[in-house]
Amino acid sequence: MDKKVIKYLAWGIGLLVLPLILQQFGNAWVRIADLTLLYIMLALGLNIVVGYAGLLDLGYVAFYAVGAFGYALLASPHLTENFPAIAAMFPQGLHISIWWAMPLALLLAAVTGVILGIPVLKLRGDYLAIVTLGFGEIIRIFMNNLDQPLNITNGPKGIANVDPVHMFGVDFSKPHNLFGLEIPSVTLYFYLIVVLMLLTVFICYRLQDSRIGRGWMAIREDEVAAKAMGINTRNMKLLAFGMGASFGGVCGVMFGAFQGFVSPESFSLMESIMIVSMVVLGGLGHIPGVILGAILLAALPEVLRYVAGPLQELTGGRLDAAILRQLLIASAMIVVMLLRPRGIWPSPEHGKSLVRKS
Amino acid sequence: MEILLQQIINGLVLGSMYALIALGYTMVYGIIQLINFAHGEVLMFGALISWTCVGYMQEHMTYLPGWAMLLISMLIACVLAAVLNFCVEKVAYKRLRNSPRLAPLITAIGMSLFLQTVAMMIWKPTYKPYPALLPVDPYFIGGAVITPTQILILSITVVSLALMVYVVGYTRLGRAMRATAESPSVASLMGVKPDMVISATFVIGAILAAIAGVMWAANYGTAFHTMGFLPGLKAFTAAVFGGIGNLAGAVIGGVLLGLIEAIGSGYIGDLTGGVLGSQYTDIFAFIVLIIILTLRPSGLLGERVADRA
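Note that the protein sequences, when read in sequence, are chains U and Y.
The numbering used here puts the first residue of the first sequence at 1, with every later residue one more than the last.
The numbering used here puts the first residue of the second sequence at 1001, with every later residue one more than the last.
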């Protein structure tokens, strides 16, 4: 058999078995794996914007929020409870199917991305970063305050009772029995998110080598030259924003369905910064690198949470799990960047523009 | 009318604090093109150090008057903050001067997070009430009130700004700073030591941030480990607003931003018929930022860095 096929098979079996092994140690570990996968997807989505097109976006989490809140509104009792008109229209309650929610969220997030893109097209580098950051904050402030006068987002309290995923007659919120093997809800979600993640990886690879991808990289390397070569930089940039955002939207839907609860707190600026850090830490524009970065920054802290107990006792409670976690993430960000400024696993050929010109 | 006057006073006070912080941002950005995300944390450290000092003095040196405590604690905070920022630059930014642009940005974010965590370990993650050290009886100006603390803030800002204008415009160090901002390599040919200039910039920025931090705590009566984040962000906005790398721009941007915020939050309820309330205060900074950068990408007074990728 071909070497490549064997490699893929090994990966496939590994991903199939991983949650089954993890669940032996408790569902919390599978949960960590699920969230890590979500972060991988988010990081890959942002990688399109930052890594390929070279547009530093610090408000990426806004699109994640758009997807999550979009799904939460359409698949929870919140709207019917607060708006009699909607309750009259949908006496059974709004329970949008995931098959509708996914494309809808994708579209909504993409449109939001393009809308954000239009006014900031002219900006570059740090200016773009700070404006996107501001945009993310504006969205978060609105999410936090749109419980008056119309209760749309339920403010800081968030929206609860979000429907879990129903697919092919399977309710993802309940454990299932397969050949005598107990498969809990978190493991089911793992498989679903893995499929989405693999799809994301596939799309990213295809994009990278496509005309569009090469156009983005040309813009990243030298915008003026790219324009001179006939690349429509405006449309390409908007496309990058839109595509990146649509990934975020899909992740948001998964997040909402998986948690069953959505609140503005999950979409803070810190989250955006975390995703940017994943991309940069791993290796800007290099898919395996980005995945590695996401795994490191998403999974490591969660694992540390379990290890931190003894340390906390050692230091008399001064260094508790949350603080230790933050300390280690922060130090990791500094140390890794000092030792490997282009990321842990940088792309072998691209990234010339990342060297400062002057 | 009284509301307007009051909001203008509040806006000026707020804006002058933004201006102090923005100066540090803009000087650092002007010289090494780095958004020093940890700048807000220097402010926070300044405030918390001063809180500790004031607490100590209130216990052991009760004979000191309130204003003296404030000044002494501010001095200590400035010195320690300067040392801190000096170290931050040496540890996190110095080695990355010729690296990909995003690398120092990530270390800056990491440093910001790191300093917050350290502050959390030292001071515990609780809100600290900052004692009222100056008299609280307000003065009246045409129906609007202004507290002694606010007057102090305004005067300290004016003095610091005058000092900055002098240092940057008329001293050897200032000339070296401007030369380094223009081109570090050419400056070094002229006998300027860019490393020293950059360190000096970080030290000066830290002193201004520490002053702003102490004033912030004194004005709002509280200090806590995440207090630096939002002022830092807004000050950066102010710096961009005024044209980053430009000292006068930072001051004008800061004051304007403060005014816009104060007046905006005072009137937003009336303007929108009560639909949006003062909880939307924080969005003004960002909306202004987006509008300004769309219409005039180099900021109000900026011209140099408009095309810098």
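I should point out that these hints are in silico values taken from the structure, not numbers from a laboratory.
Take these hints with a grain of salt, some might be off.
[Stated by the list, open to error] Residues from chain U shown here face chain Y by an in silico Cβ test under 7 Å; the list is partial:
1) Tyr-127
2) Ile-130
3) Gly-134
4) Ala-218
5) Ala-330
6) Ile-334
7) Leu-339
Ideal Cβ positions, reconstructed from N, Cα and C, are used throughout, including at glycine.
Tested hints:
1. Tyr-127: holds, 6 Å
2. Ile-130: Status holds, d = 6 Å.
3. Gly-134: With Cβ-Cβ at 3 Å, under 7 Å, it holds.
4. Ala-218: violated, 14 Å
5. Ala-330: holds, 4 Å
6. Ile-334: holds, 4 Å
7. Leu-339: With a closest approach of 9 Å, the U:Leu-339 hint is violated.
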